[in-house]
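**Q** The listed protein sequences derive, respectively, from chains A and B. Position one of the first sequence corresponds to residue 1 (the working numbering), numbered consecutively onward. Position one of the second sequence corresponds to residue 1001 (the working numbering), numbered consecutively onward.
Keep in mind that the hints were calculated from the coordinates and are not lab data. Don't take every hint at face value.
Straight line, CA to CA, 30 Å or less: simulated DSS-like cross-link-like pairs of lysine-lysine [as the list claims (entries may be wrong)]:
#1 B:K1234 to B:K1287
#2 B:K1457 to B:K1479
#3 B:K1466 to B:K1238
#4 B:K1099 to B:K1238
#5 A:K356 to B:K1479
#6 B:K1099 to A:K377
#7 B:K1466 to B:K1479
#8 B:K1413 to B:K1479
#9 B:K1466 to A:K380
#10 B:K1287 to B:K1238
#11 B:K1287 to A:K356
#12 B:K1413 to B:K1466
#13 A:K380 to B:K1095
#14 B:K1234 to B:K1479
#15 A:K377 to A:K356
#16 A:K377 to B:K1095
#17 B:K1457 to A:K377
#18 B:K1095 to B:K1234
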Amino acid sequence: MSAAPETLAGCVAALRAGTVSAAELLERSRARIAALDPQVNAFLGRTGELADRAAAAADRLLAEDPASAPPLCGVPVALKDVLCLEGAETTAGSRILGGFRPPYTATAVQRLLDAGAVVVGKTNCDEFAMGSSNENSAYGPVRNPWDLGRVPGGSSGGSAAAVAARMVPLSLGTDTGGSIRQPAALCGVVGFKPTYGRVSRYGLIAFASSLDQVGPLALTVEDAALGYLLIAGHDPADGTSSRSAVEDPLTGLGEGVEGLRLGVPREYFGVGLDPGVRAAVERALEVLRGLGATLEEVSLPSTDAALSTYYIIAPAEASSNLARYDGIRFGLREDRGSLLQTYLSTRDAGFGPEVKRRIMLGTYALSSGYYDAYYRKAQKVRTLISEEFSHVFERVDAIVCPTSPVTAFPLGTHSDPLSMYLLDVLTVPVNLAGLPGVSVPCGMVGGLPAGLQVVAPRFMDARALRIAHAYEQATEWHTLQPGGVEAAAT
Amino acid sequence: MTGTLRDASAAQGGSGESAVDHEAVIGLEVHAQLLTRSKMFCGCPATYVEAEPNDNTCPVCLGMPGTLPVINRRAVEYTVRTALALNCVIPDFTKFDRKNYFYPDLPKGYQISKYDLPLSVDGHLEFDLDGRRVRCGITRVHLEEDTGTLHHAGDVLQSATSSLVDYNRSGVPLMEIVGEPDLRSAAEAKEYLERLRQILMYIGVNDGNLEQGSFRCDANVSIRPRGTETLGVKVEIKNMNSFRAVQRAVEYEIARQIAVLDGGGSLHQETRGWVEARGATISQRSKEQAHDYRYFPEPDLAPLVLGAEFVEEVRRALPELPEARAARLIEQHGITEGEAVLLTATREQADSYERIVGRGVSAGVAARWLGNDVLRLANADHLPLWESGLGEDGLVALLGLVEAGTVNSTTAKALLEELYLAGGDPVAIVRDRGLGQVSDTDALGALVDAAITANPKAVADFQAGKETALQPVVGHVMKATRGRADARLVNRLLRERLSG
Chain A
1 MSAAPETLAG
11 CVAALRAGTV
21 SAAELLERSR
31 ARIAALDPQV
41 NAFLGRTGEL
51 ADRAAAAADR
61 LLAEDPASAP
71 PLCGVPVALK
81 DVLCLEGAET
91 TAGSRILGGF
101 RPPYTATAVQ
111 RLLDAGAVVV
121 GKTNCDEFAM
131 GSSNENSAYG
141 PVRNPWDLGR
151 VPGGSSGGSA
161 AAVAARMVPL
171 SLGTDTGGSI
181 RQPAALCGVV
191 GFKPTYGRVS
201 RYGLIAFASS
211 LDQVGPLALT
221 VEDAALGYLL
231 IAGHDPADGT
241 SSRSAVEDPL
251 TGLGEGVEGL
261 RLGVPREYFG
271 VGLDPGVRAA
281 VERALEVLRG
291 LGATLEEVSL
301 PSTDAALSTY
311 YIIAPAEASS
321 NLARYDGIRF
331 GLREDRGSLL
341 QTYLSTRDAG
351 FGPEVKRRIM
361 LGTYALSSGY
371 YDAYYRKAQK
381 VRTLISEEFS
391 HVFERVDAIV
401 CPTSPVTAFP
411 LGTHSDPLSM
421 YLLDVLTVPV
431 NLAGLPGVSV
441 PCGMVGGLPA
451 GLQVVAPRFM
461 DARALRIAHA
471 YEQATEWHTL
481 QPGGVEAAAT
Chain B
1001 MTGTLRDASA
1011 AQGGSGESAV
1021 DHEAVIGLEV
1031 HAQLLTRSKM
1041 FCGCPATYVE
1051 AEPNDNTCPV
1061 CLGMPGTLPV
1071 INRRAVEYTV
1081 RTALALNCVI
1091 PDFTKFDRKN
1101 YFYPDLPKGY
1111 QISKYDLPLS
1121 VDGHLEFDLD
1131 GRRVRCGITR
1141 VHLEEDTGTL
1151 HHAGDVLQSA
1161 TSSLVDYNRS
1171 GVPLMEIVGE
1181 PDLRSAAEAK
1191 EYLERLRQIL
1201 MYIGVNDGNL
1211 EQGSFRCDAN
1221 VSIRPRGTET
1231 LGVKVEIKNM
1241 NSFRAVQRAV
1251 EYEIARQIAV
1261 LDGGGSLHQE
1271 TRGWVEARGA
1281 TISQRSKEQA
1291 HDYRYFPEPD
1301 LAPLVLGAEF
1311 VEEVRRALPE
1321 LPEARAARLI
1331 EQHGITEGEA
1341 VLLTATREQA
1351 DSYERIVGRG
1361 VSAGVAARWL
1371 GNDVLRLANA
1381 DHLPLWESGL
1391 GEDGLVALLG
1401 LVEAGTVNST
1411 TAKALLEELY
1421 LAGGDPVAIV
1431 RDRGLGQVSD
1441 TDALGALVDA
1451 AITANPKAVA
1461 DFQAGKETAL
1471 QPVVGHVMKA
1481 TRGRADARLV
1491 NRLLRERLSG
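Just chain A, with the same shape it has in the complex (with noise of 0.2 Å):
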């Protein structure tokens, strides 16, 4: 057992040859979490007899047919704490939702149970997904596998340590503003934020409606199409889900980076980038001018605008998102006999100071008299934001740039939220423009990962996958294990 495979695609390809059961798997990921979580804390909650019910299903239909088995068939998986499944508690890393069990699972999880995963249990992340260190977590900051005094970036931070601690293969996180990206930058993971559209939210708790979206995180470029794969395309039950056929990840995922034209953004090289992110990415792109792809320096000369439109639209949709919370329905309730004191207590109580910062900041750019001088304005720019990346998509066929502008920090580091905000520079564009991004990891600086963000026009998720994927072969950086946590285990 010491032997089984470590990534996705080896687990799928063990279970099929049956040197590996999915009880095995799951137990072996049990293993981990109780050797490592204790300090790492990515899980706030295990699906126990669930899981256990879901392998013994799998080993079931592996042992009947491995051809046809599902093509996770056996395989642990976690998702992050905003996805729901039922009857597992659900809490969105917010004590307002505290034993919170949804009659209903979110598509994208449900997909990935269809496929034959085994969800092994639902993982620590930002309150609502608000945050980008995962210290906003109502149950506990996650710690970074490299260093556990450090953060694992956010808000899907139990996601990308869970990966990066080889707990599960595969996890869920979801990214409104880089919180997929960023956190597998500093836990040197791939992550994946597919276009708007292409993955359904439904059944994921509600941070910001217009930017959310479910992605994979895995240890390579494979892993995540695969999961990638698995969970997109189109759902009746939401709304704005695209109805465009998906194109297969996998099937051109190994035709390189030949002949391709990469744009480099110069305003995503500027102030307040790490020297030696700067110069791992630097580097990260000789590699792909190496395989044969061609750079261009190009220009988004709005994205100095982009953050101050995310943190207007944002706490914006928020505000209203989380006006459901009243401590009457589900959750917490802080019983104060009237209804308007127990609606205050329990929103006081149940909500931390993040996001009640962004509920108060949203609620004010949508007040009457100060509309058009925030929301509507950011509107605009989001806009413009969207056109200048379609200019530059007819230059170039992606954009390569760093994803996160540092490593992984000290936790503690950034307790005025404007620098924290600060982190987010280079991946919230995306997110407003609703573009495929992937953050694969592209070098260690002072022992800590950095990764390079890969980004392509609306749809092209396969291309941006075949990019990072190109350069992820090329290089070992998605090779190395993060040696903090198996030292603090032992």
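Please arrange chain B on chain A, whose structure you already have, making use of the hints.
**A** Coordinates of chain B only, in the frame set by chain A:
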């Protein structure tokens, strides 16, 4: 209108005579639930009156975390149908917006509605009132979702010891029809509402139930010196759940506003509720307390592009509307305007009439019977003809007997009454019971002679010139034949004998 004002201000204890000649300006906002099978944004049944509390709910209409709305295509179709029936323009592009406010009957904390790009704009509704043609503009017809319902142990939420929430109504498709402030009296307001309700029921989008609230109305009322153009201070009136309540509330409010101004006071923009028991409106909320709904485009729904083809398809399927249908029936069938209005009151009624005429009953006979005796029975028994025991088949048979002269109208009316609920074949019954009309001149002649002998006073009066005196004599013959005598023939025979 002056009379109206006097009455209402008398109720207020005012003097009743205004120094300035005021004109009322009234605009109505109607909310009508759509008769779709499922709710606006989920698959739950849209019926809620019969259901047990919270039976017709799901995670979507309960606003649970992570759930998403999906637009009900039929609801959009019904709204477009309504908009076309009200002569509206349908823009190419429409979107939903969120209207944010906090109330326990609103599970998401916002209502999915429409703000600046409604489904339709710029329509109008025209109707006749007291011989005048009234035209009321329709600002817009749009689509939103209804809220749940609250049941308080106490009067209102704030003072209730406890409250129960039923989300069966949550998410039921709700159409908002905003009228222009083109109405000038309570009578016009009531007529507008009745015509609007008739049209909605005609086109099959709403059941028109004011009591149960599937058709609800708010009124915006202001006054201004007659002849001026500027609008006065607007007061919104809520809580009216009958046509009569709308008329009374608007009358009251006009009088109240005039009384305030006449008394040297000033009006302020507010929302007032109609209290039926007191026959008065009372202040609920001033402009300062108005909500800031923080509208913004609903990010969970893509904008809607209907397309000319869809709109044309709906337009083609639009049924003939009541006014046009009445005009056609007058023109084609030669029935009276009164009959036409009665027969086209509902689409089902008009359809039934046309089916009966289509089966050979003459238009005049069908119109008379349907507009009088059949309608009276239908109302008394709360059962339309087509659902009654007699049915259209029975009525066609019965009217056939009348038109052929087989039975007289007295017999036919008695049969109609007898068979309306119980059912039965009129032809067989007339044959079996020997109810056929007696039109034998010899047989009737003998009875007529007997009647003359038995009613000397009436005969004398008639011969002295009193026409109506003949009735008891005719009645005598009818009684002797158990109503089966051909009344026209009896009359003729009588007159022949008495004039001779």
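**Q** So, for every hint listed, does it hold in this structure?
**A** Outcome of the hint check:
1. B:K1234 to B:K1287: holds (10 Å)
2. B:K1457 to B:K1479: holds (18 Å)
3. B:K1466 to B:K1238: The given pair, whose Cα atoms are some 59 Å apart, is violated under the 30 Å limit.
4. B:K1099 to B:K1238: It holds: about 19 Å lies between the C-alpha atoms, which stays within 30 Å.
5. A:K356 to B:K1479: Since the Cα atoms of K356 of chain A and K1479 of chain B sit roughly 89 Å apart, the hinted pair is violated (cutoff 30 Å).
6. B:K1099 to A:K377: holds (20 Å)
7. B:K1466 to B:K1479: With a Cα-Cα distance of about 22 Å, the restraint between K1466 of chain B and K1479 of chain B holds, given a limit of 30 Å.
8. B:K1413 to B:K1479: holds (16 Å)
9. B:K1466 to A:K380: violated (90 Å)
10. B:K1287 to B:K1238: holds (15 Å)
11. B:K1287 to A:K356: Judged against 30 Å, a Cα distance of about 29 Å means the pair holds.
12. B:K1413 to B:K1466: holds (29 Å)
13. A:K380 to B:K1095: holds (17 Å)
14. B:K1234 to B:K1479: Roughly 66 Å separates the two Cα atoms, so the pair is violated.
15. A:K377 to A:K356: Holds, at roughly 23 Å.
16. A:K377 to B:K1095: Satisfied, since the Cα-Cα distance of roughly 19 Å is no more than 30 Å.
17. B:K1457 to A:K377: Outside the cut-off at roughly 97 Å; violated.
18. B:K1095 to B:K1234: holds (29 Å)
Against the hints set out earlier in the document, violations occur for numbers 3, 5, 9, 14, 17.
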